[in-house]
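J.: Now for the letters of each chain:
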Amino acid sequence: MPLVPDIVIESLPKLMSGTWVTVQITALSVTIGLCLAVPVALMRVARNRLLSIPSYVFCFYFRGTPLLVQIFLIYYGSGQFVDFLEAIGLWQFFKQAYFCAILTLTLNTAAYTAEILRGAIEAVPYGEIEAAKACGMNTQVMFRRIVLPKAFRLAWPAYTNEVVFLLQATSLVSIITVMDLTGVTRVIAARSFAFYEMFIAAALIYLVMVYGVLFVFRRIERRILAHIQLPA
Amino acid sequence: MPEILNLQGYGSLLIKGAKLTVLVGLSSMVIAILLGLVGAWGKLARSRPANIAAGAYTTIVRGVPELVLILLVYYGAPTLIQDVAALMEIDLYVDLNPLVAGMCTIGFIYGAFSTEVFRGAFLAVDKGQVEAARSVGMGRVLCFRRILLPQMWRFALPGLGNVWMVLIKATALISVIQLPELMRNSDIAARATRLPFTCYFLASLIYLAITIVSLVGQKQLENWANKGVRKA
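Note that the protein sequences, when read in sequence, are chains X and H.
With the working numbering applied, the first sequence corresponds to residues 1 to 232, in that order.
With the working numbering applied, the second sequence corresponds to residues 1001 to 1232, in that order.
Errors might be hidden in some of the hints.
Claimed, not checked - Across the chosen pairs, the derived CB separations fall in these ranges:
| hint | chain 1 | residue 1 | chain 2 | residue 2 | range |
| --- | --- | --- | --- | --- | --- |
| 1 | X | Ser17 | H | Ala1045 | 40 to 46 Å |
| 2 | H | Gly1137 | X | Arg47 | 55 to 61 Å |
| 3 | H | Ala1124 | X | Gly127 | 28 to 34 Å |
| 4 | H | Gly1009 | X | Gly79 | 43 to 49 Å |
| 5 | X | Asn48 | H | Ala1056 | 32 to 38 Å |
| 6 | H | Ala1124 | X | Pro39 | 53 to 59 Å |
| 7 | X | Arg49 | H | Ala1124 | 36 to 42 Å |
| 8 | X | Leu51 | H | Asn1226 | 30 to 36 Å |
| 9 | H | Gly1009 | X | Leu28 | 39 to 45 Å |
| 10 | H | Ala1045 | X | Leu51 | 30 to 36 Å |
| 11 | X | Phe215 | H | Glu1089 | 43 to 49 Å |
| 12 | H | Asn1226 | X | Gln140 | 39 to 45 Å |
Hints were generated in silico from the structure; no laboratory data involved.
Small disclaimer: the values here were computed from a predicted structure and weren't measured.
From the three backbone atoms N, C-alpha and C, an ideal C-beta is built for every residue, glycine too.
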């Protein structure tokens, strides 16, 4: 038996196009999810109950239910409201699997990231907040200049994990017919009956992506946490 | 049953699925804990082959999406075994049971995560305890069973709780290989009743209920494991 089966070499271009879709979906959901997570985390720590309770419910729901249910809920579930969605002109988005996949992954990662950020915001040493107030900063300036930068640094290692989990979670979008790496692999495997060859090849590509992301994020971590790093 | 929960008679299907989800979750968790203990031993043992094997196990499993591993085991393993058997000129037909395949794969995946939890927990037990046990003449095995194992749970439980939360949600993925658990049954109900949103939303609420019960159970277990520990 050759080291790399022919079927894997033949389908390499297709696997690469699937990998590209996976990277796209991951990058889009991570970026939009982060933008969404910051306001949600700020709402979570707000003293006003009207702000903190909806944010708590959002996080609890998206963290307490499986991603697959969320994907089905948005992709198939939206079919129950076709008339309404058509009336407000959103149906053209919801009928696309790609859009629903990104929407679900974004909301999911926003919930997890908001929870990480909330922990980090609460972990900002009180002395720094006191110092900011003593300098005469108002709440807005204090959050922008002191609390959020510090929180991002504290949250970075946990956020790295979240990005890796999201990258792996994108494989679920293949179930709603998006042709990402897993989707392409499933189609080729089903047509050629080369199940283990194809899935092992896909697993290796995921492995390379995951450890690539980890490598980059560790590099950034060394940079933004340089001031507390012990000289190696 | 109230009309909304009856779902034209499909409500009971969801309940049946939920029972199977909990069953699969619990048995996978048992496998994961056993594998985790073995893996932690492999990581901490003074034997290089064991270190390398345990390191490879956690590195690979944590870098590949669960879905790809489930598909690899369910579709790939039988063909791989048949191909190997064919090489040795044995005519063999392998057909995996989805329940067994799902349970073993989920257990295998989360075994890697609990390996890290147990490794940390064993390291967290005070070294003096082991030294004292050894000095009164306990053998390695006896010392592990009487001293390390009982004290380790206190440090392992929070991490294991997290593993369980992720694991129970990952069982939804087994629906892909047609096991009639909660996700698969809600899919059937959604197609039959043409109320996808209602069905999936109910399913997500059941998952949420499992999460809430688990949180309460985890607190109880932690109280049990922490008995006799003075709080600061």
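J.: Give a verdict on every hint.
T.: Outcome of the hint check:
no.	hint	in the structure
1	X:Ser17 <-> H:Ala1045: 40 to 46 Å	holds (44 Å)
2	H:Gly1137 <-> X:Arg47: 55 to 61 Å	holds (60 Å)
3	H:Ala1124 <-> X:Gly127: 28 to 34 Å	holds (29 Å)
4	H:Gly1009 <-> X:Gly79: 43 to 49 Å	violated (21 Å)
5	X:Asn48 <-> H:Ala1056: 32 to 38 Å	violated (50 Å)
6	H:Ala1124 <-> X:Pro39: 53 to 59 Å	violated (37 Å)
7	X:Arg49 <-> H:Ala1124: 36 to 42 Å	holds (38 Å)
8	X:Leu51 <-> H:Asn1226: 30 to 36 Å	holds (35 Å)
9	H:Gly1009 <-> X:Leu28: 39 to 45 Å	holds (41 Å)
10	H:Ala1045 <-> X:Leu51: 30 to 36 Å	violated (51 Å)
11	X:Phe215 <-> H:Glu1089: 43 to 49 Å	holds (45 Å)
12	H:Asn1226 <-> X:Gln140: 39 to 45 Å	holds (42 Å)
Hint violations for this structure: numbers 4, 5, 6 and 10, all remaining hints satisfied.
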